[in-house]
Amino acid sequence: MARGSRSVTSTNWRYCHPSYYLKRPKRLALLFIGFVCVSFVVWDRQTLVREHQVEVSELRKEVTDLKNMLGESNNKQGGTSGKNDLTSKVTKSSKEVLDDPIDTERREKVKEAMLHAWGSYEKYAWGQDELQPQSKSGVNSFGGLGATLIDSLDTLYIMGLNKQFQKARDWVANTLDFNKDYEASVFETTIRVVGGLLSAYDLSGDKVFLDKAREIADRLLPAWNTPTGIPYNIINLSHGRAHNPSWTGGESILADSGTEQLEFIALSQRTGDPKYQQKVENVISQLNKTFPGDGLLPIYINPHSGAAGYSPITFGAMGDSFYEYLLKVWIQGNKTSVVKHYRDMWEKSMKGLLSLIRRSTPSSFAYICEKNGGSLTDKMDELACFAPGMIALGSFGYTTADESQKFLSLAEELAWTCYNFYQSTPTKLAGENYFFHSGQDMNVGTSWNILRPETVESLFYLWRLTGNKTYQEWGWNIFQAFEKNSRVESGYVGLKDVNSGVKDNMMQSFFLAETLKYFYLLFSPSSVIPLDEWVFNTEAHPLRIVSRNEGEHDKNSNEKQKPFYRIGGRKEGRSG
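The numbering used here applies: residue 556 is where the sequence shown begins, and numbers increase by one.
Just so you know, not all the hints are guaranteed correct.
As the list claims (entries may be wrong) - DEER-style ranges, computed between Cβ atoms:
#1 Glu958 with Ser793: 23 to 31 Å
#2 Lys830 with Ala862: 22 to 30 Å
#3 Asp655 with Lys983: 19 to 27 Å
#4 Glu1105 with Lys983: 47 to 55 Å
#5 Glu770 with Lys906: 25 to 33 Å
#6 Gly795 with Thr955: 45 to 53 Å
#7 Ala956 with His794: 24 to 32 Å
#8 Trp802 with Asp773: 36 to 44 Å
Quick caveat, the hints were computed from the structure, so don't treat them as lab data. Ideal Cβ positions, reconstructed from N, Cα and C, are used throughout, including at glycine.
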């Protein structure tokens, strides 16, 4: 499939003809005629990338001003969790004009998929961690913390599924109990539970979510009580005893130790208590003391000395989200000087990433190698398919246009490779990892698919940042493959083998938290969770961006969160 800028077609220009807007208010019509026409004239990708955020911001302001001029001042606001109107009239109006009917139809299909997945969980595994759809039973994969329920809160909210969100909210308020004699992963509990609760708080303004996030975070804090402050990765939620897995030889895992910053910084900002932020930022300070020139760290770190162990370097499993959070903490802090060292570390890591890039033959698919000592292995995890989105997101922070374009182009190349991870199998679903051999392009290695979101995540970012609808088409093809191969009577399942299509018996919580959310946002207007106001944690939980400045506490530390207003329209104004 061809890649690149979306071209102007004669079909597009019909939107510039006044007759198209005949039945709409005249002033609104003139506003959007001008906006749409100018948009098509400047549709060249590089120009669009530069001006996209400014245009969207100006359009929002103009629409708001027009609304005031027309006297429609009844903006529906306020209320408590789960009871907010989906949006104001002007948001509905702007959405109906700007939103592509095909996007609306596809978004509705994704929403129906979410209702099918959630309804099955609600029926067969309510309050348990994950659903086993084939046996119609629940399983507590994370100690009985209601992982799927908490992971799904923000997805339900963003999709406008009020009834489902309110029922889940009541379970969190009345039933959720963290006093479990369970050896929990600090990483998984942070990204799913702390992140999910904080996101639900930021979206709804309901303090029950913040209180619960603080409660579980307090149970995780003893994991950071090591000589260096680099955390142990396992902790007993009841007794507070922390340790590392035996199979790491006592070492801490890079991704597991460097992927709590977004959540714990946000928790300090929301509560006004600096202890959470201090714990996680100390980890970065320790790693930065001996940070290598190429910015690439092995996956094992000694929590007693802070030294990196002799182990693989990878943007796949056990390395991936460390690099993601270097960029995203910089974004979370609104790119101020206080968080500049995160950006500096990330840029070093991107220089290192370039040294891992190879291209296959004969088709020249770009891929990210793994590194062992001085040698490269021609293997790439599907997990590493988060990287195209990360690189695209970070490409706009470079000071020169050449650097920015270089990394954006690399992101597009890698996304093409990841899309072909899907297209190259009989089921059109990707395996867990791929090997590259001279003259053979790619071959699937580990052949299961567990409903992972990383490729869809990258397609979402690339569509948002470039406006190229090709990425939506790729995403739609992947969504249809999930519908064909993974949908069963009682939810969605992974595949034991993407070649044969044999199904497993697990609906991973991240399918609802990430995969379906990114599909939904891929077909939503860019005003839904705008990237200049929100940053996603590695479990796709959006957190509000809050500026951080020298010599002052983080803004809005104790400020009550304002509810987020979702899109609404003829098809989106009601929930199940």
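Structure-based check of all given hints:
{"no.": "1", "hint": "Glu958 with Ser793: 23 to 31 Å", "verdict": "violated, 50 Å"}
{"no.": "2", "hint": "Lys830 with Ala862: 22 to 30 Å", "verdict": "holds, 26 Å"}
{"no.": "3", "hint": "Asp655 with Lys983: 19 to 27 Å", "verdict": "holds, 24 Å"}
{"no.": "4", "hint": "Glu1105 with Lys983: 47 to 55 Å", "verdict": "holds, 50 Å"}
{"no.": "5", "hint": "Glu770 with Lys906: 25 to 33 Å", "verdict": "violated, 41 Å"}
{"no.": "6", "hint": "Gly795 with Thr955: 45 to 53 Å", "verdict": "holds, 49 Å"}
{"no.": "7", "hint": "Ala956 with His794: 24 to 32 Å", "verdict": "violated, 55 Å"}
{"no.": "8", "hint": "Trp802 with Asp773: 36 to 44 Å", "verdict": "violated, 28 Å"}
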